[in-house]
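Participant: Sequence:
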Amino acid sequence: QLTGGTANAGAYNYTTCVKFLIETVDSSVGIPNGPNAGGTEDYYQNANDGRDVIARGVVVKVRRGDWSQTFNADPVSRCFNWSHDAMSNFDMRVYGKSYDDAGNYVRIHDDPTDFSDYPGDTYSHLFTDVDPTANAVNTLNAGNYDSKWTAMAVLAFGLYRYDSGLSGKAFHAGIDNTQSGGSSAHFGSSNSSITSGRHYLKFGNNGGTPQTRYKFIVAHELGHAIAALYYGGHDDAVDGGEPSVSLSHDVDPNSCGTGGTTYSISSKEWNSVGFREGFAHFIAARIFNTKDSEGTFIWFGGAHDLERYNFGAGSNSGGRLENQCCTVGCAASWDSAGTNEDWLRFFWDFYTNTSDSCSAQPSKTDMLRLYRQTRLNGGLTSTNYFNKMRAAAADEDLEDDMDECLRTTRFDFYAAHNGIDNE
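So the sequence shown is residues 10 to 432, counted in the numbering used here.
Certain hints may be false.
Derived lysine-lysine pairs resembling DSS-like cross-links, with alpha carbons at most 27 Å apart [what the hints assert, rightly or not]:
no., residue 1, residue 2
1, 300, 373
2, 28, 300
3, 28, 70
It should be emphasised that the hints constitute simulated quantities derived from the structure, not laboratory data.
Please model the entire structure based on the sequences and the hints provided.
Facilitator: See below:
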């Protein structure tokens with residue numbers, strides 16, 4: 010896709026393609042137990058030892074002397090075409106910025122504390138004295154396995170993979186070189202401009218294994234932003250995060266930890282947390298897995314089965330909450346609670362619905378509509394997100410998008426199966 014200037018008659022014609030060189034720490038980890046033991050994610054496999062990936066929609070500036078043009082590489086082919094009457098001594102700057110076909114863009118920049126319209130300075134990789142070959146494919150390998158460029162590759166891929174429902178949105182990802190963790194889509198004013206089409210993210214990039222190298226963490230935070238910006242595009246949306254989310258769950262009996270001390274993907278939390286975090290997990294799972302009932306979600310190096318709790322070993326109805334967190338005298342313990350991994354599996358089951366009596370399946374945009382309608386209907390508290398989501402699924406605003414059997418019968422079945430319906 011040419012974004013600056015046109016070809017010169019009689020000039021040499023070039024094709025330049027771009028790859029990112031990446032290195033993750035959470036790729037191709039097999040599910041430990043159960044019928045899908047050994048199963049891994051479908052995309053960005055074997056990246057822990059370093060590999061190259063397509064630089065989806067990346068922005069590249071080509072310069073020679075006083076002449077320069079800026080191009081967006083095609084999101085599918087990673088390439089762009091250009092012309093010039095010279096054959097050597099070009100400078101090419103690959104920016105940490107990528108567009109998709111709908112005009113959405115994501116970029117990495119150097120100031121995670123900046124919430125202006127276009128924060129920080131965009132990272133870039135400069136290639137000097139490039140001598141391209143005319144009428145041939147010339148490849149630039151950008152990133153050099155650097156952690157922030159690994160995050161950039163994942164962000165661009167995520168925007169490409171979850172390509173439904175958004176247009177003209179901006180994702181500004183600040184690279185935090187002061188800490189290895191702390192990655193977030195909920196900090197400062199990060200979601201205070203969602204009705205204006207902007208969301209801010211930050212990723213820890215300090216130390217030997219920063220979170221910029223965890224592809225599922227990067228995709229998870231992007232998932233928060235995708236959902237929020239889809240909601241923010243509605244006329245009735247308001248800026249800010251999901252209302253009343255609370256990490257204060259401390260109801261016993263509880264063998265899964267409490268929100269204030271041992272928060273994790275497997276801890277028992279209020280449904281407000283499960284809805285928010287489970288949906289971002291779902292988007293990350295969709296980015297790295299094909300749409301199939303079997304799939305793998307890798308969180309901090311642990312491989313979770315998208316169909317079964319207990320790392321693939323558990324398939325009883327009720328999910329981790331009802332089979333592991335509490336099993337005796339659990340009315341109070343289960344009330345309005347769930348685990349983030351159970352919520353993830355609910356969204357995945359619903360999205361990949363298999364049923365002889367109801368064969369419909371939601372699209373990626375349908376899933377965003379469910380998220381949006383839950384927030385639009387209002388009245389959300391820390392403990393009522395499941396019932397509010399259930400009401401949103403049955404709302405007439407969704408009936409043109411999803412079959413009734415999917416929004417009611419199958420919704421209820423998967424909610425009970427994954428133990429998120431205890432309100």
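Participant: All hints are to be evaluated individually against the structure, with a verdict given for each.
Facilitator: Hints, one by one, checked against the model:
1. At most 27 Å may separate the alpha-carbon atoms for a hinted pair to count; residue 300 and residue 373 meet this at roughly 10 Å.
2. Distance restraint check for residue 28 and residue 300: the Cα-Cα separation of roughly 26 Å lies within the 27 Å cut-off, and the hinted pair is therefore satisfied.
3. Between residue 28 and residue 70, the direct Cα distance comes to roughly 15 Å. Compliance with the 27 Å bound is thereby established for this hinted pair.
The structure agrees with every numbered hint stated previously.
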